[in-house]
Amino acid sequence: MSLRLVLSLLCISVLDGCETGTTGTKKEMNVSALSKIDQLEVQVSVDKDFSVMLAGQKVNGIDFLLLPLTVLAYPGGMVVAGAVDSINVHSKAAVDARQAKDLRAAISEINPQESVQKALVDGLQSTARFKSVTAGNVGADSSAGQGIFRVQIENWGLYSDKSEERSLQQVQVGLNATASLIGSDGKIVWEHKDYFTGGTQHSFTQYRNSPELLKSEINEMIQRYCARMVNEIRYAR
Amino acid sequence: MKFDMQDKPTIMNRHHFSILSILLVAILGGGCVITHTTSVEFKPNGNGPLAQIKPLTILVQVDDQRPEAEKEYLVQIVADIGGTDRWNTETPANQIVQDALASEIAKCGHRVVTVPGQNVDASVKVSLKRFKALCAAKMFSCKVDSHVDAEIVVSSEVTKVTTPPFQISGDYQKSYGQFGAGQAKDVLSAALAEFVHNLTFDSRLIESLQ
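Chains A and B supply the protein sequences, listed in that same order.
Residue numbers for the first sequence follow the working numbering, beginning at 1 and rising by one.
Residue numbers for the second sequence follow the working numbering, beginning at 238 and rising by one.
No lab work stands behind these hints, which were simulated from the structure alone.
Computed from a predicted model, the values in this text were never measured in an experiment.
Check the hints yourself; a few may be wrong.
What follows is a set of in silico ranges between Cβ atoms, one per label pair, in the way DEER data are often shown [stated by the list, open to error]:
(1) Lys-118(A) - Thr-274(B): 48 to 58 Å
(2) Thr-274(B) - Ser-210(A): 44 to 54 Å
(3) Phe-377(B) - Ala-140(A): 34 to 44 Å
(4) Ala-128(A) - Ser-440(B): 11 to 21 Å
(5) Pro-292(B) - Leu-213(A): 29 to 39 Å
(6) Leu-213(A) - Glu-278(B): 36 to 46 Å
DSSO-like, lysine-lysine: derived pairs with alpha carbons at most 30 Å apart [said to hold, decoys possible]:
(7) Lys-215(A) - Lys-362(B)
(8) Lys-215(A) - Lys-397(B)
(9) Lys-380(B) - Lys-26(A)
(10) Lys-366(B) - Lys-92(A)
(11) Lys-187(A) - Lys-280(B)
(12) Lys-362(B) - Lys-344(B)
(13) Lys-308(B) - Lys-397(B)
(14) Lys-375(B) - Lys-422(B)
(15) Lys-362(B) - Lys-26(A)
(16) Lys-280(B) - Lys-308(B)
(17) Lys-215(A) - Lys-92(A)
(18) Lys-366(B) - Lys-26(A)
Here's a subset of chain B near chain A, in silico, CB distances under 7 Å, partners left out [said to hold, decoys possible]:
(19) Asn-284
(20) Gly-285
(21) Pro-286
(22) Pro-401
(23) Gln-404
(24) Phe-438
(25) Ser-440
Even glycine gets a Cβ: it sits at the ideal position worked out from N, Cα and C.
So that you can see chain A by itself, here it is in the shape it has in the complex (with noise of 0.2 Å):
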């Protein structure tokens, strides 16, 4: 037998039934080490600033209009086809940080961390499980009896899954968040990943015209996550 037939068949009984969920639930809530926590801590860290991204572009981790390509081509024209597409959505990516930019100018008065910080704060003190919730700054570590509740949102700005032309009609906000409830041995009870859209869908035309209602449709839509992951703990069970 060969050196690279073993090898081979060494992978294979590795990667055989090598399983991992990286989306959706990462891990279910262990309502046991929830119970534990007295003291919360309220931690958020925004990675990347606001952003735009219209078609073409991964929104949910997902790049819509390669997809189509990738399933239905041959081996050979799948390299040519994905060349050219990921020529295109580089351009496309270009214009929309500029986009980007000049938006972000006009909302200047938004902080995604400071808001998701306080709202986290204000619902996970209404729920009544912990002593007392308060804000603190990524990286400091649990302790005895206090637990910490970490988001870390990935992205935020304007999105659209659908086509280049009717992404400029309907286009909403959203944000790219994972959300972790870390015990106070620093194990890991619950963890979520998110991608949370306002829901609300305007051409890109009346959000450019209009900071007020970026502003308002980003607002609410922090509001509706952070409601969103406080009523994860509060109905943990």
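Based on these hints, arrange chain B on the given structure of chain A.
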């Protein structure tokens, strides 16, 4: 004619033959689509904010608004060297979502109807935009992304308020060493469970029903 590949250099040596064989399999297998049948399972939890609302009669309707091309299958696996496996369900996708949502709402203590009529306190109308799982199979693994996306409109007959349409998604991603009917059922069921959970914990739904 004797064809000795060991001793004599030929146009088609062993290396070329291997490449040609792989390409032949890819070309022949590339257009091959096999469709299997699977099912989707949903177990209602019956907890969460929906269970805290006083019992209502709720109309639940799910309309299939997926693109026509996406109605042909729920799971598609495309192999590296060609060949496509698809899984579909005997029950229509919108019916699966409707049954799941209705069972969750019912377990939360509400009466569910699926046909419009009198004595309805609120209606939850779901426009199903996507329900599918896709995978580009590699040599030894298969990473599957499954999604349920829908647009929701909630109307209260009590307050006479209708929400603007809002989007709810249920996403699930998993890597498998082997993929078959059982895994197809798992990924679809997991995405559906996420979708129902995300909807029933959403403040827009809850506030409209209160």
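Could you tell me which of the hints above the structure violates, numbers in ascending order?
13
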